[in-house]
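*Asks:* I would like the entire structure built from these sequences, with the hints used as guidance.
There are 2 protein chains.
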Amino acid sequence: MSLLVIGSAAFDSIQTPSGSREKVIGGSGVYAAFAASFFTPVRLVSVVGEDWPSAYTERLRKRAIDLEGVEIRPGAKTLSWTGKYFENLNDRETLEIRLNVMGEEYSPLVPESYRDSEFVLLANGSPVSHLGLLAKLARRPRLTIADTMDFYIQNCPDSLRELLRQIDGLILNDSEARLLTGEKNTITAARRILEMGPAFVIVKKGENGAFYLSRQAIRLIPAYPSEAVVDPTGAGDSFAGALMGALAASGRSDSESIIAAMARATVVAGFNVEGFSLERMETLTEGEIESRLNAFRTMMTF
Amino acid sequence: MSLLVIGSAAFDSIQTPSGSREKVIGGSGVYAAFAASFFTPVRLVSVVGEDWPSAYTERLRKRAIDLEGVEIRPGAKTLSWTGKYFENLNDRETLEIRLNVMGEEYSPLVPESYRDSEFVLLANGSPVSHLGLLAKLARRPRLTIADTMDFYIQNCPDSLRELLRQIDGLILNDSEARLLTGEKNTITAARRILEMGPAFVIVKKGENGAFYLSRQAIRLIPAYPSEAVVDPTGAGDSFAGALMGALAASGRSDSESIIAAMARATVVAGFNVEGFSLERMETLTEGEIESRLNAFRTMMTF
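Residue numbers (the working numbering), protein chains in the order written: chain H, 1 to 302; chain A, 1 to 302.
I should point out that these hints are in silico values taken from the structure, not numbers from a laboratory.
Idealized CB from N, CA, C, for every residue including glycine.
Misleading hints may appear alongside valid ones.
Once the Cα atoms are required to be at most 27 Å apart in a straight line, the calculated DSSO-like pairs of lysine-lysine come out as [unchecked claim]:
hint, chain 1, residue 1, chain 2, residue 2
1, A, LYS62, H, LYS184
2, H, LYS136, H, LYS84
3, H, LYS77, H, LYS62
4, A, LYS23, A, LYS62
5, H, LYS84, H, LYS23
6, A, LYS184, H, LYS84
Under 7 Å between C-beta atoms, here's a sample of chain A residues computed to sit facing chain H [what the hints assert, rightly or not]:
hint, residue
7, GLU87
8, LEU134
9, LEU164
10, ASN185
11, ILE187
12, ASN208
13, ARG215
14, ARG219
15, PRO222
16, PRO225
17, GLU227
18, ILE259
19, ALA263
20, PHE302
*Replies:* The following block contains the structure:
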C-alpha cells in the first residue's frame, strides 16, 4: 500500500567531525520519504521555494516518490538549516535557521490521488500542518503516526494535544517525552502519553535504540552498532519513514508488525547516518537492508 | 561450579530521590557475590574492619556465600562511602569516601579451598589486588572477568594493562571504555580494548543496556525497562555477579553462554535497583528471575 508522508524539504548546511556540506538536500519529509521508498510507494506532501533545484527533485523521483503534493511556491525561498555536530555526535547546535516558506501560512496540498491513503506519516513538523493534512483526507487512515520535537511541544501545545487525539502512534525522543509529560522516568513518560490519546508511543533514544509502548506491551530495540557515523542528520526522520514504509508494505498495523518494522527502521536509520545528506541511502540496496537485518536479529538473540 | 569473587565490602550511606539510608551493607564484592548466589555457590574474598557487624555477615551467609576469604582486620575500619544520586538517577556525586582498611596494604586472603576456582570475578576494585589474587590461584581459571572503573584507569594504568593480559573478559561502562582508549566511538573503544589482551569486552551503558564484543561477534542487550528505580547503587556489581554466577552454573565460557548470562545479569541488576542496598535482592526468588527473563526475551523478539 502507498504511504502518505508530510514533512519538510530543506537545504541543510552541516558540519560534523567527518567534514561538512553546504546546502545539501534535507528535511524531515525528504528523509522520511526516501527511507520509506525502500519498502513501499510513497506520496510526499511538502512545500519549497522557487529556489528548489530540479536536480533535488530528480533525486527523489529516482526512488519513484510521488511529488504531486509538493508545492513550489513562487517568490518564496526554501527552508534552510545550518547546524554543527559536536565530537560525540549526539549533541548538535543550530547555527542558523531560515524558515522562509515554512514560516508562511501553509495549507498542505493534498492531491485527489492522495486522499484515500491508508498509512500516513506526519514527519517532524508543525502539528498545525499535521491537523490541516488530516482534515483533507477522505477518511481516517488505518494507521497514522506523528513525529514531534521539543519546538512544537513548547510552542504549539494546544494543536499538539488535539493531534494526539487524532493519531494512532506518536514518535519522539526520550528527552521530548519527558518534556511533554513532566515525568523523569522515560517509561513513565511514555505511559502518560498513552493517556493523551495514541494507542502506542515509540521513544527514540539515539545511539541507544528505541522502545515501543502500548497499553498491552513494551518492546525494546537497540540501535544498530555503528562505528561509521558521518552525519546524524535525518536519523530520526529516516527511522520514522522506514518504519511506516515497512508497515504500509505489509498492510498491517498490529503491534507485532510495528515491532518488526522498528527493526527495519533501525537498520535503515543506521545506514543513513553513514553518509552526509541522502548520500548513503542513495547507494543502499534492499539486499544490504536484509543482510544487516539478519545480523541485527542475531545480535539480539539469547 | 563455584564462583570466586574478589571485591569490596562497605558501609554505604545513600541519598536518592526515593529516600536515604545510613551505613547500609554495600561494596562491589558484596553486591556481586549476592547476585551470583542466585545461580551458583559463591566464594568471597574481601577485607573489612573490626566494625563490620556480624548481622551483615549473616545476611551473606543466608545466601550460602562462603566467607572464608573475608579478612576481618583488627584495629581497622571498613570502607565507607557516602553518595547522592540526582533526579535523573544516572548521575551521582560522592559526598565522602573513607578508604579505611581498603587504603592499607592488602594481600588477598585465598583459602586453600578457593585455590582451584575455575570461574573468577574480579569485581570493581584495584587491579593490584586483582593481580595479587590471580597469583595465589593454583592455575589459570577457565574464565576470569574483571570489572574496572575510571579511578583505576587513571591511577593504576600499568597494573591495569598487566591485568588485561591475564583475564579473558573486561567489564566497564561506556565512558570508561572511552577513557581507557581515547576513542570517541564506544564500539571502536571496545575493539581497541580487545587489542590490549581480553578475548571479549562487555560495555555497560546504564539504563541503555550493554553490549558484548569479541573478535568474532557483537551482541546487544537493552536494560530491563524499569519505572521503579529506588537506588542504582550496585547495579554494575550485581550485573557482573549474576553474569559470572550464571556462567559458573553452566560450567561454560563460550560466547553464546556469555550472552545468555548477560540477559540474566540484566534482569538481576534490574531487580537490584528496585530497593536500597540488598533489600530487593533479599526478597528475590529464582521464580521471579525466570519470569522476568521470559518477559525480557519477548520484549526483544521481532
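*Asks:* Hint by hint, note whether the structure agrees.
*Replies:* We went through each hint and held it up to the structure:
1. Distance restraint check for LYS62 (chain A) and LYS184 (chain H): the Cα-Cα separation of roughly 36 Å exceeds the 27 Å cut-off, and the hinted pair is therefore not satisfied.
2. For the suggested pair LYS136 (chain H) and LYS84 (chain H), the alpha carbons sit about 37 Å apart, so the restraint of at most 27 Å is broken.
3. Of the supplied pair hints, the one linking LYS77 (chain H) and LYS62 (chain H) holds, its CA atoms being roughly 24 Å apart against a limit of 27 Å.
4. Taking the CA atoms of LYS23 (chain A) and LYS62 (chain A), the gap is near 20 Å; set against the 27 Å cutoff, the hint holds.
5. Between the alpha carbons of LYS84 (chain H) and LYS23 (chain H) the distance comes to roughly 13 Å, so the proposed pair stays at or under 27 Å and holds.
6. Simply put, LYS184 (chain A) and LYS84 (chain H) have alpha-carbon atoms about 17 Å apart, close enough for the 27 Å limit, and the pair holds.
7. The interface hint given for GLU87 (chain A) is met, as the beta carbon of that residue sits about 6 Å from the closest beta carbon of chain H, less than 7 Å.
8. With 7 Å as the threshold, the beta carbon of LEU134 (chain A) stays out of range of chain H, its nearest partner Cβ sitting at about 29 Å, so the hint is violated.
9. About 21 Å separates the beta-carbon of LEU164 (chain A) from the nearest beta-carbon of chain H, more than 7 Å, and the hint is not met.
10. Annotation: ASN185 (chain A) was flagged as interfacial toward chain H, and the flag holds, the nearest CB pair being 5 Å apart, inside 7 Å.
11. Checking ILE187 (chain A) against chain H: minimum C-beta separation of about 5 Å stays under 7 Å; hint holds.
12. Here the hint on ASN208 (chain A) is kept, as its CB sits about 4 Å from the closest CB of chain H, short of 7 Å.
13. Hint status for ARG215 (chain A): violated, given a least beta-carbon distance of 15 Å to chain H, over 7 Å.
14. Here the hint on ARG219 (chain A) is kept, as its CB sits about 5 Å from the closest CB of chain H, short of 7 Å.
15. Here the hint on PRO222 (chain A) is kept, as its CB sits about 4 Å from the closest CB of chain H, short of 7 Å.
16. Because the smallest distance between the Cβ of PRO225 (chain A) and any Cβ of chain H comes to about 5 Å, under 7 Å, the interface hint for this residue holds.
17. With a least beta-carbon distance of about 5 Å to chain H, the hint placing GLU227 (chain A) at the interface is held under the 7 Å criterion.
18. With a cut of 7 Å, the hint placing ILE259 (chain A) at the interface with chain H holds, because the nearest CB-to-CB distance is about 5 Å.
19. For the restraint placing ALA263 (chain A) at the interface with chain H, the shortest Cβ-Cβ distance is roughly 5 Å, inside the 7 Å limit, so the hint holds.
20. A least Cβ separation of about 5 Å between PHE302 (chain A) and chain H falls short of the 7 Å threshold, and the interface hint therefore holds.
Against the hints set out earlier in the document, violations occur for numbers 1, 2, 8, 9, 13.
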